[in-house]
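**Student:** Given chain A, work out where chain B should sit, using these hints.
Protein chains: 2
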Amino acid sequence: MARIAIDVLLKRELLDPQGRATERALPDLGFAGVSDVRIGKHLELDVDADGEELAARVEAMCAGFLTNPVVETYRWRVIAEHERADAPVTTTVDA
Amino acid sequence: MARIAIDVLLKRELLDPQGRATERALPDLGFAGVSDVRIGKHLELDVDADGEELAARVEAMCAGFLTNPVVETYRWRVIAEHERADAPVTTTVDA
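In order, the protein sequences belong to chains A and B.
To convert, note that position 89 of the first sequence is 89 in our numbering; the numbers rise steadily by one, no gaps.
To convert, note that position 18 of the second sequence is 18 in our numbering; the numbers rise steadily by one, no gaps.
Each hint should be verified, as a subset may be incorrect.
Copies of the same chain are indistinguishable here, so a pair counts whether it falls within one copy or spans any two.
Taking lysine to any residue pairs in the SDA-like style, the calculated list, with each CA pair at most 25 Å apart, reads [unchecked claim]: (1) K11 / A87; (2) K11 / R24; (3) K11 / D48; (4) K11 / V70; (5) K11 / G51.
FYI, nobody ran anything at the bench for these hints, they're computed from the structure.
This one's a predicted model, so the numbers in the text were calculated from it and none came from an experiment.
Just chain A, same shape as in the assembly:
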């Protein structure tokens, strides 16, 4: 069992309207010096496999269902519990 993170973006040569709109809005909001903004999908999922079988299954899922290889590229990695984007923030609560 492994926790997998997959990042999906439009191919670099394609216009990314969402990224462009965000980039244009940032200076007016006080965030200058930001460029080349690209916005896509982030997926996290548990896969019940390890090693080469894990890699084969993730690649098959990405290429066959989770992304559109015509217009998108992706990158995936195994992540630890504390690397999840939805990991709870550690807070101290007084008793």
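**Tutor:** Below, chain B without anything else, positioned relative to chain A:
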């Protein structure tokens, strides 16, 4: 100047309908053994800063504009050129 990747997910305690729908579709498509699917946003952008200033600016952007802290959590990291989700695939072309 640094290339930043930001992953955004709904908080873990909230229902993620897109992730749930994907998880339910996978077995019928031949991808068994996948669970706890969460789907959110992935952003990549260049920020013209380094060190502590970079961290402060990315945190301010994430909390103030790029995510909704009421329902979402995020995680960001500095990435190298080859770690971009839209890095071109290396292909060999015969002359």
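**Student:** Check the structure against each numbered hint from earlier and tell me which ones fail, lowest number first.
**Tutor:** 5
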